[in-house]
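**Student:** If you want the building blocks of each chain, they are given just below.
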Amino acid sequence: MQRFTHMYESLDASTSTNDKVHALVAYFSSAPQPDAAWAAWILTGGRIKRAISHTDLRLALHEATNLPAWLIDESYEAVGDLSETISLLLPDDAAGEPIGLAEAMETIIAPMRTMSSERKREVLRTAWKRLPSEQRFVFHKLISGSFRVGVSRTLAVRALAQVAKIDQAEMAHRVMGTWEPTPAAYAQLFAPQHADQRGAKPYPFYLASPLEHAIESLGDVSVWQAEWKWDGIRAQVIRRYGRTTIWSRGEDMLSDRFTDLTNVLDALPDGCVLDGEILAWEPGNDRPLPFGDLQLRIGKTSQPKHNELLFVDTPVRFVAYDILELAGVDMRSRSLQTRRDELARIISNLNAAATIVLSPVIAFESWQQLSTLRESSRARGVEGIMLKRLDSQYGTGRQRGDWWKWKIDPFTIDAVLIAAQPGSGRRASVYTDYTFAVWTGDKPGTGELVTIAKAYSGLTDAEIDRVDAFIRSNTTSRHGPVRGVRPTMVFELAFEGLQDSSRHKSGVALRFPRINRIRDDKTADQADTVASVRVLMRLQADRS
Amino acid sequence: MAELLVNTEKGLYCPLGDFYIDPWRPGAGDKAIITHAHSDHARYGADEYLCATSGVDVVLARLGKVRASGAAFGDEFSVGDVRVSLHPAGHVLGSAMVRIEHKGEVWVVSGDYKTERDCTGELMQPIRCHTFITESTFGLPIYRWQPRHVIGQQINAWWASNASEGVTSIVYAYALGKAQSVLSLLDASIGPVFVHGAVEKFLPIYAAAGVKLPACERADKMNVKAAMGRGIVIAPPGADNSAWARKFGQRSEAFASGWMRVRGPRRRRGVDRGFVLSDHADWPGLLETIKATGASRVGVTHGYTSVLARWLTEQGLETWTLATRFEGESGSDGNDQSGEGQLNTEPSSSHAADGGEDD
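Taken in order, these protein sequences are the chains called A and B. Take this note's numbering: the last position of the first sequence gets the number 544, and nothing is skipped along the way. Take this note's numbering: the last position of the second sequence gets the number 903, and nothing is skipped along the way.
These are calculated hints, taken from the structure and not from any lab test. Note that this is a predicted model, so its numbers are computed, not measured. Every residue, glycine too, gets a C-beta built ideally from N, C-alpha and C. A couple of the hints might just be wrong.
[To be verified] Per the computed footprint, the stretches of chain A lying under chain B, defined by three or more beta-carbons under 8 Å from a beta-carbon of chain B, are:
| id | stretch |
| --- | --- |
| 1 | 70-76 |
| 2 | 84-91 |
[Claimed, not checked] Distance ranges between label pairs, derived from CB positions:
| id | chain 1 | residue 1 | chain 2 | residue 2 | range |
| --- | --- | --- | --- | --- | --- |
| 3 | B | Gln859 | A | Tyr456 | 38 to 44 Å |
| 4 | A | Gln33 | B | Ala867 | 40 to 46 Å |
| 5 | B | Pro748 | A | Val25 | 36 to 42 Å |
| 6 | A | Pro32 | B | Ala751 | 49 to 55 Å |
| 7 | B | Pro559 | A | Asn66 | 27 to 33 Å |
| 8 | B | Ala751 | A | Arg47 | 26 to 32 Å |
[What the hints assert, rightly or not] Counterexamples of contact, computed for chain B against chain A with all Cβ distances above 12 Å:
| id | residue |
| --- | --- |
| 9 | Gly614 |
| 10 | Phe621 |
| 11 | Val623 |
| 12 | His631 |
| 13 | Arg688 |
| 14 | Gly696 |
| 15 | Pro736 |
| 16 | Glu761 |
| 17 | Met772 |
| 18 | Arg805 |
| 19 | Pro809 |
| 20 | Gly814 |
| 21 | Asp816 |
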């Protein structure tokens, strides 16, 4: 744990990408293999399930320190993070054999999951005796399933590739999918490049960059292919060794969630990988259903009956836009033009027009014309337009320049800040979680203010400090950590969509709400009304 | 039992002696006893100020032209109907606890204090009393300090490592007290030492009181080059992110404060390192001190008042909390701090007064 904690602290303290990679490389070059295997697994996105509840953690702390529960609560309020609170409250009395990461994961955390609450606390108190205080924080994060570190998967992959002295894309491929954090699997990551170690692993997804400059800057229209930007689940379909697997971009295996798709995709030729989007599709209508409908299909597989109903109510289709492997050959370095031709052939051979379709190419002759077409995005139920160079390879990660996403502007409303509570972690003791409201009356400033959204992100640190100061000097009520705030400050919120909601008093919920800016130029009685927000909802619904 | 002190609009007041202790709104005709010169304790406006002898020049440096006199630690004198004496509080140079006695009844006001000896050599001594009014800045059990020399080793190791990579080290520390504490811990063999003007202001006063600090120069346009890459610069928190700080080229920045014990404030501060160095008592220090006074009544002020009061109540003491104008949670005031008394106003904007002497 010492080495791992040291690496964690370096990653946590630094904002420089180079320093982070440096810390990772130093770790992977020196850590014992069993520990390094776990570290690689965790940093490339392996999820550790919680082994002990917060209640038991608190109880064990109480048993170890005799501090009353209220004082533990007060300490937690000030710190904002339970793992850290516990490390700060425990006495510095560690002695005995140090604990390695693998040992912690395999002999303490894994067996703990099935233990009785009492036994868990006993094991934990024994572990504390062996853990110096600076290692306890990370240990608590692991044991409570809340380990996060300020390093992206891409960065971890870069460091691993550097240590293994292989290509970054190859390493990205190797750490994809499921693998066990064992020394053997870890050694595989470092094996020399094999001809075929692919199994059911997806390729790294190539991501488009948001288009932030004028569309005309892309130059000659004839070298670009335009498609609609679908609002579904980005997925890779892999047909290898007589099996079909579907992977999401978050690398969840989705095969069993979408057996209606895999049944059809089983007809793909072996050694074939497609990239595309899973969409819920309105029966008898040629447009996708909102993302919310698709969400019903994920995470409900534990109720097969329900799922079968959903198969009927919410049929899905796979809209294919790329082919990454054909007849076992990696196609990614071919041009988009070539890949698209092969893709079209494969899809038409499948003969499954209702389920597997080719993402249509948008015909256009000028940027002006495409710009006009983009205006119809909302009506088509898409998020905008994708632009890909016809000669582009299928890259890894987000290499800029070849693929662009040209999204439609988000919806915006002006809402009033009415309540706030402190954030957690870095933002504990600063008010960063805001609740916003709009008016119930038929005109702004009439009726009462009702909640419509909570939003956290979008402000700079300086703005956060300013809003924090405003909240502190304009508090009207307190309920636990939540402060009611005098409704005078107006914010422009951006969001991607709306749906009915029983959670907010306004009866409407915003999808992906974030703060665009502080509207110092507006007073509360100029903010939006529930009615004006519902107009946007109709706009979203009237898609044809 | 006589109430030797009462909380008034202007602050703590002793009716029998007709004086205030650390009044936040003193006026004409008022007498003030000052525990120490941080601006949440020493405010301008009273006719007469009294503080510990070693604190007089510090108070004058803070308040400008006021009538201030000093009393030696331990000397008892009469003010009105009460007997008063000042005793070392160990917080900053000349910081004092105020002892008040009337007909055998003893009250002590702690001001800010810490239990460990620092460069001033003025070690806090708990004073036996019936009623003790204590600060509670770090009144939570999460706050526990390592010995100062250990923090000193951490600072020196960080500085040496920066210097070996050609990076300038900047430590942000409150100009009065903390900055001098940091200076006293430095190993000057590592490289040249510089201070911001706001810190420099107090150095002659510390020197005159016999405090030995390493030789240092004021960091200004003339010697930026000498500091760059190997020197260490001690500056007030307000200089953070300023054009002044950027002059030192590639630099590593640290903040020295008890608040750095917790990761959130450490990260919010946006510095590379946080050194847990405080001029306040930690939780065990508060509890030890309160116990050593033998007081059966404890007033809790300045900080985590309700937490500490509840803890003491559960230990069988009679407690109450005293509001001050400088509560972080009130949000309405306290923007002119110069100690580490507050978490919420402390990170950025609050130290303009100290950091504003940009050259």
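**Student:** So, against the hints stated earlier in the document, which numbers end up violated here?
**Tutor:** Of the numbered hints, 4, 5, 7, 8, 13, 18, 19, 20 and 21 do not hold.
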